[in-house]
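Respectively, the protein sequence lines represent chains X and Y.
Counting from 58, one number per residue, gives the positions in the first sequence under my numbering.
Counting from 4, one number per residue, gives the positions in the second sequence under my numbering.
These are calculated hints, taken from the structure and not from any lab test.
The structure displayed is predicted, hence computed values, not measured ones.
Positions of the beta carbon are idealized from the N, C-alpha and C atoms, including for glycine.
Certain hints may be false.
[To be verified] Pairwise CB distance ranges, derived in the manner of DEER restraints:
1. Val325(X) with Pro16(Y): 32 to 38 Å
2. Arg289(X) with Pro16(Y): 47 to 53 Å
3. Tyr359(X) with Pro16(Y): 42 to 48 Å
4. Asn182(X) with Pro16(Y): 30 to 36 Å
5. Pro16(Y) with Gly84(X): 25 to 31 Å
6. Leu345(X) with Pro16(Y): 37 to 43 Å
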Amino acid sequence: MSKKKITMALAGNANVGKSVIFNHLTGLHQHIGNWPGKTIEKAEGTLHYKGYTIDVVDLPGIYSLSTYSLEELISRKYIAVERPDVVVNVIDASVLERNLFFTLQLMELETPMVIALNQMDIAKNKGIKIDVEKLEKLLGVPVVPTIAIKGIGITQLLDKVIEVAEKGRKEIFQIKYGREIEERIAKIEEMVKRIQFYYPSRYAAIKLLEGDEEIEREIAKIDPQIVLLAKRLTKEIEEIHGHTCSTVITSERYEKAGCIAREVQKLVPPLKPSIEEKIHNLTTHKVLGYPIMILIMLSMFYTVFIFGGYISDLLNHIFYGLEPFLIDVLGAGAASSLLWSIMEGIIAGLTIALPYIAPFYIILYILEDSGYLSRVAFLMDSLMHKMGLHGKAFIPLMLGYGCNVPACLGCRIMETERERLLAVFVTTLVPCAARTVIILGLVGQFLGIHWALMLYIFNLTVIFLLGRLAFKTLPGEPTALMMEISTYKVPHLKTVLKQTWFRLGEFIKIAFPLIIIGSLSIKFMEFLGLLELITMALSPITVEWLGLPAITGVTFIFGVLRKELTLIMLSTLLKTTNFASVLTTNQMIVYTIVIMFYIPCISTIAALIKEIGWRKALLITIFEIAFAIVLGGIAMRILTLTLS
Amino acid sequence: MEQQRAPDRLEIPLTSLKEGEIGIVSSIKGAYGRGGRAGRGFEKRLMDMGLTPGTEILVVKSAPFHGPIEILVRGSRLALGRGMAERIFVVKKENV
């Protein structure tokens, strides 16, 4: 290995800013926000600094190095087996004690490390002052204070990482447990030293006493005697203390973390409750919390509608103004009519989809970055229990309003497989930004905002009922909620805009080529007479059952690729964006209801397959198609009865 | 480490503390869900978040409709589902 290459891993509790540091270092776009559990898989990136090539690995946030959750096992194995040159332990300066509890465990893994003491600004606001030098001395690990979101301290952190990587591991301070425990650790350690094992022997000894299943299993393969001895010694400790051995060790570790925290931090609690606290109390208030939540959702919805509608109109005018000019340039003939149909698709994409998607993401990211989502999880916990889930599931559900794909992956914050399946299922029913384009751009624009709002409420009701139904078919006790409520922050505008920009970039990169291909294939199908064939074949459903124009059948097929394509293709097929001239009120509503539910788009199906396997993904897909068609038909009949 | 056991004092579930009251963790009861398998994981998760025996917990508020409770423990704000909080037994700390 060349001397100029360094691997560094970012490890630490959830929501301390690991991904923020990662993005700063690598220029990549790991998703960041203010709620615990965003990073679900380790991410890797590279940077060049002072002649070094540094590979940076972002690990999921964890509270312990045990093996009760997959993230913990992944992180522990990565650090112990892959042996990165330096582990950067990112800690939240405002919750020092709990973060140090994790630091102490990392130190037991005997890995070279640097501590990034992050969120110094939040700690300061809370009246916490930390003596960095003293902390460094007590732990024997270099500590660099940082405010990652503003990029403060990042270069100093890199310098330290290089320094530590060059020097290699020096003797790292390890905590001493009570005498009765230390004696027993020593006995086991002596035996572990004799075998070849990839974890440090002291670490393995401690973990055996804690009853760690993975290490027990691995060691039993080499020398079962060691495990037997450990089990006997564990019993002895339990008899002395009257608690399980793992509880005793965890308590002592926390005791130590508490001691260090108290020694290095000075608390000057502000005299009056901070604004952060006031907002927190208001937004989680027993009574007021709920109307505030509804108000926030409504204003989000209205802002997107008004802003999106305005921009959409503006763009429409511009393109209509340009139309004669464009026709002039393109001229007449087969080739130009082909080009023109592509142009129409692109114009529809620009005027219908983008104006709604952009403001939507900005608001969603502001909410996410502020820390409000974990409050909503708190408020919605009991309602989510009715669907066999707990409050945390509401976070991916909310993110589903942006895009179902990351939301499905985000369902990994649920603890059991059953809950992940339930959460993923309800998430696919949430109208994503693409479906919002149809709801606001079609129903909102042509029938009025109240119809759009009603559709959202209808959608929520259906989600709740289907969620309950799924819970009934997959019974089991929901895991109880246990979640850290993150501190409120003023949303970081640059981060919000950057993430929105990144999303829009993705939209343009993926959706526009699809729009072009879609427009072209429609032209070709028209030319080959296939268009008629498809609309004919689907007409029993579209015309007879749903009461829609036959041509919509084609748009449903394109919608599988991306939901906004339905409306965009409809406008190319009908050669107008004034949908009121071609669809009746009932048709618009039925069309939108079907689009809202009929199938998760192809990217969501791929995400589903990844998360729950192809069988269940297929099942959900088929169910949703059938459900949407049945629902649409029923809605059409009810609407005809009531509105005629 | 010294045992903080007070047999003469009443152990009550965390959920019976009122808002603003402080309890000291004495034990965590019972396996969670059916079968004892999940029990250990449940206890370990609580421990890792800092709810070890002898720790002070401040009950900040409880959500309506049998919802979760918000607690302050070791300087961090946690939301705990009611089912979980019911299994945490504490000794109420009298006002000093």
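Those earlier numbered hints the structure runs against, lowest number first: 2, 5 and 6
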